[in-house]
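Protein sequence lines, in the order shown, are assigned to chains A and B.
The opening residue of the first sequence carries number 199 in the working numbering; numbering runs sequentially from there.
The opening residue of the second sequence carries number 35 in the working numbering; numbering runs sequentially from there.
Any given hint could be a false lead.
Here are the simulated DSBU-like pairs of lysine-lysine, each with C-alpha atoms no more than 30 Å apart in a straight line [unchecked claim]:
| id | chain 1 | residue 1 | chain 2 | residue 2 |
| --- | --- | --- | --- | --- |
| 1 | A | Lys284 | B | Lys293 |
| 2 | A | Lys323 | B | Lys323 |
| 3 | A | Lys323 | B | Lys264 |
| 4 | A | Lys272 | B | Lys264 |
| 5 | A | Lys323 | B | Lys42 |
| 6 | A | Lys323 | B | Lys185 |
| 7 | A | Lys284 | B | Lys273 |
| 8 | A | Lys272 | B | Lys293 |
What the hints contain is simulated information worked out from the structure, not anything from laboratory work.
Chain residues, written in single-letter form:
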Amino acid sequence: MNSFTGEITAIEQEESLSLISLRVGETPFTTIVIDTPDTAPYLRVGNTVQVLFKESEVLIGKDINNNSISLQNKIACTIKAIEQGKLLSKLELESNIGPVVSIITTNAVEQLQLKVANVVMAMVKTNEIMLAE
Amino acid sequence: MIRINLEKQLHSSGGEMQLQVALQIKQGEFVTIYGESGAGKTSILRMLAGLLQPERGLVEVNGKKWLDTANGTNLKPQQRKLGYVFQDYALFPNMTVRENLLFALEKHQPKDSVNEVVELMELNDMQHRYPATLSGGQRQRVALGRALVQKPEFLLLDEPLSALDESMRARLQDYILKVHQTFNLTTILVSHDVSEILRMSERMFVLKEGKIVQVGAPDAIFSDDSISGKFRLVGTITKIQQNGVVYIISVLAGVNLIKVVATAEEAATMATGDKVMVVSKAFNPLIKKL
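Extracted from the complex, chain A is given alone in its bound form (with noise of 0.2 Å):
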């Protein structure tokens, strides 16, 4: 899992929806979760809250335009190692905010030709991270 300390930033709420903007150092997050300030008080603009997200669901993106892609959660990151397996490969990535565990298949990191020390974009789709106080 990856974890990471982040500030809330702004809430806006539909109903029981919360739509969660964050700061984890200088990178925005943003998550969709089936919570709002009322059903869980942590939810607070200035509120410091554990960021979290499954290895497997980062994905990651080459030569990456910031405004190319619908993906909210950006990391600019350098890849230190790479393990592969036959299916499955775990990148180890370094970022501003820390390291970067990502899983994808073995065939996406031939694709991609990645190599460690490539420059390389981390994403999360915004309902793909979790919140816990």
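Dock chain B against the given chain A, drawing on the hints supplied.
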């Protein structure tokens, strides 16, 4: 309704501890007492059975006082209508299964109730065998049967299944639930096993250092509201298997076996038998009508 108030100074390996509990259990309810070893769980059961005396206390079962230290009421263990099953079966090795069951009858009681228990617990085929020739699960079925021949109103189970393997445990859980319903028992289970508690009990008491610190429905107590994922299951790890760069962790949650992919770092912190919470976002699971 069963009303219990007990106070006793206990000497445990961790030092002196003041046990002080008040429980109210409804007729027909199945409740669990959950807590670390040394928290006082077994002492509570022993005091209910009359095997250990509290300094101050009241035990009232369906309007009848079994114990009231205020006026000196204190029924003997054999006068208290309860069944008690421990982790070790405590069967008489020199008696057959049927003889073990008959021994538990009081002199004036008809033998019909032994036949009823034999039927219900499916002990027919092993009636004339000796305990040493039975498996652990079979012996525990006999021990449970023996606790029932006296037609108790109240059943105390002190980690009765903890020495058994996973599949035997699930079968014995079914037997326990069946007798709980058939005999309209009020049952107190002492257990560490989260999936067992979730499956069997309606309410649980969390005991810590002799005090009840939490009371509620097991799923509410075991689920964790401090995380935003809404798809949550609590269970026990049954298998950890390396598969290339990831690990596949099998988790038994209630009667469902689920599988979760984890990294090597996560797998290294876990072992078979560990209790875990599996969480996902409500956006991920597909839902399909059956």
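Structure-based check of each hint:
no. : hint                  : verdict
1   : Lys284(A) x Lys293(B) : 20 Å, holds
2   : Lys323(A) x Lys323(B) : 27 Å, holds
3   : Lys323(A) x Lys264(B) : 17 Å, holds
4   : Lys272(A) x Lys264(B) : 24 Å, holds
5   : Lys323(A) x Lys42(B)  : 56 Å, violated
6   : Lys323(A) x Lys185(B) : 59 Å, violated
7   : Lys284(A) x Lys273(B) : 22 Å, holds
8   : Lys272(A) x Lys293(B) : 29 Å, holds
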